[in-house]
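Protein chains in written order, with the working numbering: chain A, 1 to 425; chain B, 1 to 425.
It should be emphasised that the hints constitute simulated quantities derived from the structure, not laboratory data. Among the clues, some could well be false.
[To be verified] Here are some chain A residues pointing at chain B (derived, C-beta under 10 Å):
hint	residue
1	Val22
2	Arg29
3	Gln30
4	Gln31
5	Ala63
6	Ala65
7	Thr66
8	Asp203
9	Ile226
10	Val367
11	Asp382
12	Leu399
13	Thr411
[As the list claims (entries may be wrong)] To be clear about the criterion: a stretch of chain A counts as covered by chain B if any three or more of its residues have a C-beta under 8 Å from a C-beta of chain B, and this derived list gives those stretches:
hint	stretch
14	103 to 113
15	278 to 291
Where a beta carbon is used, it is the ideal one built from N, C-alpha and C, also for glycine.
Protein chains: 2
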Amino acid sequence: MTGEVDRDAVLKVARLGQQAAVTLRTLTRQQKDQALHAIADAIEQSTDLIVEANGIDVAAAIAAATDPAIIDRLTLNRERLRAIADAVRDVASLSDPVGEVVRGYTVPNGLEIRQVRVPMGVVGMIYEARPNVTVDAAALCLKSGNAVLLRGSSSAHNSNRILVDVMRSALEVTHVPADAISLVPGTSHDSVKYLMTARGLVDVLIPRGGAGLIASVVEGSTVPVIETGVGNCHVYIDEHADVDKAVAILVNAKTQRVSVCNAAETFLVHASIAERFVPRALSALKERGVTIHGDQRMQAYAADAAINCAPVTNDDWAAEYYSLDIAGGIVDSLDDALGHIRRWSSGHTEAIVSDSARSIQRFIAGVDCAAIMVNASTRFTDGSEFGFGAEIGISTQKLHARGPMGLSELTSTTYIVTGDGQIRG
Amino acid sequence: MTGEVDRDAVLKVARLGQQAAVTLRTLTRQQKDQALHAIADAIEQSTDLIVEANGIDVAAAIAAATDPAIIDRLTLNRERLRAIADAVRDVASLSDPVGEVVRGYTVPNGLEIRQVRVPMGVVGMIYEARPNVTVDAAALCLKSGNAVLLRGSSSAHNSNRILVDVMRSALEVTHVPADAISLVPGTSHDSVKYLMTARGLVDVLIPRGGAGLIASVVEGSTVPVIETGVGNCHVYIDEHADVDKAVAILVNAKTQRVSVCNAAETFLVHASIAERFVPRALSALKERGVTIHGDQRMQAYAADAAINCAPVTNDDWAAEYYSLDIAGGIVDSLDDALGHIRRWSSGHTEAIVSDSARSIQRFIAGVDCAAIMVNASTRFTDGSEFGFGAEIGISTQKLHARGPMGLSELTSTTYIVTGDGQIRG
Numbered sequence: 001m002t003g004e005v006d007r008d009a010v011l012k013v014a015r016l017g018q019q020a021a022v023t024l025r026t027l028t029r030q031q032k033d034q035a036l037h038a039i040a041d042a043i044e045q046s047t048d049l050i051v052e053a054n055g056i057d058v059a060a061a062i063a064a065a066t067d068p069a070i071i072d073r074l075t076l077n078r079e080r081l082r083a084i085a086d087a088v089r090d091v092a093s094l095s096d097p098v099g100e101v102v103r104g105y106t107v108p109n110g111l112e113i114r115q116v117r118v119p120m121g122v123v124g125m126i127y128e129a130r131p132n133v134t135v136d137a138a139a140l141c142l143k144s145g146n147a148v149l150l151r152g153s154s155s156a157h158n159s160n161r162i163l164v165d166v167m168r169s170a171l172e173v174t175h176v177p178a179d180a181i182s183l184v185p186g187t188s189h190d191s192v193k194y195l196m197t198a199r200g201l202v203d204v205l206i207p208r209g210g211a212g213l214i215a216s217v218v219e220g221s222t223v224p225v226i227e228t229g230v231g232n233c234h235v236y237i238d239e240h241a242d243v244d245k246a247v248a249i250l251v252n253a254k255t256q257r258v259s260v261c262n263a264a265e266t267f268l269v270h271a272s273i274a275e276r277f278v279p280r281a282l283s284a285l286k287e288r289g290v291t292i293h294g295d296q297r298m299q300a301y302a303a304d305a306a307i308n309c310a311p312v313t314n315d316d317w318a319a320e321y322y323s324l325d326i327a328g329g330i331v332d333s334l335d336d337a338l339g340h341i342r343r344w345s346s347g348h349t350e351a352i353v354s355d356s357a358r359s360i361q362r363f364i365a366g367v368d369c370a371a372i373m374v375n376a377s378t379r380f381t382d383g384s385e386f387g388f389g390a391e392i393g394i395s396t397q398k399l400h401a402r403g404p405m406g407l408s409e410l411t412s413t414t415y416i417v418t419g420d421g422q423i424r425g
Numbered sequence: 001m002t003g004e005v006d007r008d009a010v011l012k013v014a015r016l017g018q019q020a021a022v023t024l025r026t027l028t029r030q031q032k033d034q035a036l037h038a039i040a041d042a043i044e045q046s047t048d049l050i051v052e053a054n055g056i057d058v059a060a061a062i063a064a065a066t067d068p069a070i071i072d073r074l075t076l077n078r079e080r081l082r083a084i085a086d087a088v089r090d091v092a093s094l095s096d097p098v099g100e101v102v103r104g105y106t107v108p109n110g111l112e113i114r115q116v117r118v119p120m121g122v123v124g125m126i127y128e129a130r131p132n133v134t135v136d137a138a139a140l141c142l143k144s145g146n147a148v149l150l151r152g153s154s155s156a157h158n159s160n161r162i163l164v165d166v167m168r169s170a171l172e173v174t175h176v177p178a179d180a181i182s183l184v185p186g187t188s189h190d191s192v193k194y195l196m197t198a199r200g201l202v203d204v205l206i207p208r209g210g211a212g213l214i215a216s217v218v219e220g221s222t223v224p225v226i227e228t229g230v231g232n233c234h235v236y237i238d239e240h241a242d243v244d245k246a247v248a249i250l251v252n253a254k255t256q257r258v259s260v261c262n263a264a265e266t267f268l269v270h271a272s273i274a275e276r277f278v279p280r281a282l283s284a285l286k287e288r289g290v291t292i293h294g295d296q297r298m299q300a301y302a303a304d305a306a307i308n309c310a311p312v313t314n315d316d317w318a319a320e321y322y323s324l325d326i327a328g329g330i331v332d333s334l335d336d337a338l339g340h341i342r343r344w345s346s347g348h349t350e351a352i353v354s355d356s357a358r359s360i361q362r363f364i365a366g367v368d369c370a371a372i373m374v375n376a377s378t379r380f381t382d383g384s385e386f387g388f389g390a391e392i393g394i395s396t397q398k399l400h401a402r403g404p405m406g407l408s409e410l411t412s413t414t415y416i417v418t419g420d421g422q423i424r425g
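Construct the complete structure from the given sequences, taking the supplied hints into account.
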């Protein structure tokens, strides 16, 4: 399947998905959960086969001198496959979003109006590197009654193909058609292009990956897209902050895991608290190996504490480092902090540390993003931390879903209007 | 402003809208309602001025031999302006969607999570003909805390310009910045193109108009789009239908107003009830001046009743007539009806007339659309019939909003997470 692929091959898979979706939308929770358990069992039973196919991808990545962190994320082993299978069982244990009545009421002429969750239909996933996304996405889509078209990265193609084969085989003895889960043929950009323009066949596209991938899907797609996951998150330390909490939150937001979209990339400190906060913060960040890129006043504090501090540039303010780097500045007011955030924010997560109700209220009113953390680490913007059980991605756009997306966000709704012969006068 | 316009002029208006949106999101309901009343009063007080400007558009339309129905929709007079002003006051009386808590709960680590409605930011409206949409859209966007960029059709340009001028002037003595309501400069397709690609400046585009307009926006936009209003609606008369109700519903769905998206364009009759239903239906439709396009069996019933019936073509099944025409066919089963609807539906509204709980359940499970009418006319898919008070359009896509869209659908959400120093372990 590597290399060229024609449009018809991609559309054929989409059409099969659409047919499967007709069946999927009518299945009961029991039937879907049984299929999810069959998938989980099959993945565990096929461990050797999967690890072998994954080995081909890993060997190719090593030969291409790929970053060891990426190779680690690509690698599957017995333990990881067990975790992947367990995640599928976790999805089975979640309640079924389909059929949930979102609103229900009766209007004056007696019509009963219910807005009910229904599957989207066909979901296209375009994603990079990690093969566990292949299984996670398939499980979440199946549970929410959607067919899924999976277009992973070419570097994980052998892993993705065996995982999809194993899942499809597992479905054969269930009520779920095998075409509910398909790999999009082809590994060139063409196959992505055909998927993005399959209007009428694909109901929504979810790109997961770097900013470049997401931008290219948004630019080129005629299918509705949910953008996910790019995060330039700020932590603002207000003049009324508790300094101990502020240091702990900043360090956690920056260092607890650096390669994720909800890690902090910039901190802004109110000038009135800078003398008490900044020396402690810089030293705590330094201890964790963080490189600081500071404005002039930040540099002065750093010099006093004999801590290295590079001069901050606009590229730093704009950066999603995904590394042990942080940009930092001193602001003279909450409004200055809000102005900075409005200019540089990617609309993911913004945090304020403050004990002032007034500051918190103004911060909430002044930022425009998926999640606002008040006296908590930015790292909490996450489907499982929010109690969703599983997450298909974190939306950073404003339509449909914003923030962590779970099963509900993979559904649309239909209004069911029940009458007794009503006509409009 | 007619003719060529450069990209910078369009982007400048969008940027001013974005600045206004920063203020708008912080306003109270009281401040917004006061502005809406100021707008309503100003429209009534400026009646002569508006009618005069509208006269230029109407004269041009007459000179261009425009369809009289379109000229009628374009025309403004004292009575219509009073109705437009009253609609703005109605919007003021609706509750504020901003700040509504959609979900709220506390997770095990003590973080309080609230999902709260917030304005989208900047809404772009691209629409045809009727100048009342200019005021309706501005009022709904203002109430929901959004700035609006209005791009009406060139044929209503003088009317739209004076209406926007009057509204902006009215805002000057209120808390709402005038740039909350702007006309997009230019009347050529270029200005639409610049608006559609103003990513980062415009948060959502809502095209309202014919299928061609909507398709061109969807194809060319890099800004998220909510598609509205194309409707090829079916009425299925089940074998277990009450014939009296079925005739009344079909006639109402087709004829109560023909030029609207929720009018019926096709009826499908179960063969078992055809003999009792079809002759009565054909005669009732004929009485209302409806032209029938039928399949062979429908033609045979028509011939027996001496009623004209053109042979139906695929173009008829696909047509949104928006006229006194209807396509009709006899089906041998509910499944055949569902197959037909799946093939030709535009996903707007599908109706079943039946007294069988089993048929109704199967119909609901088998169609995929914004609204399903059970024993009621398709004409009820409408924001005011649903009790929304006002409507910005009817979404026929699956993301974000599906069906009639009111004030809630003009909002996004933000998660506000409140902690006491929580960090992630």
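So, going through the hints one by one against the coordinates:
no., hint, verdict
1, Val22, "holds (7 Å)"
2, Arg29, "violated (14 Å)"
3, Gln30, "violated (16 Å)"
4, Gln31, "violated (13 Å)"
5, Ala63, "violated (36 Å)"
6, Ala65, "violated (33 Å)"
7, Thr66, "violated (28 Å)"
8, Asp203, "holds (5 Å)"
9, Ile226, "holds (7 Å)"
10, Val367, "holds (8 Å)"
11, Asp382, "holds (8 Å)"
12, Leu399, "holds (4 Å)"
13, Thr411, "holds (9 Å)"
14, 103 to 113, "holds (count 4)"
15, 278 to 291, "violated (count 0)"
The earlier numbered hints that this structure contradicts are 2, 3, 4, 5, 6, 7, 15.
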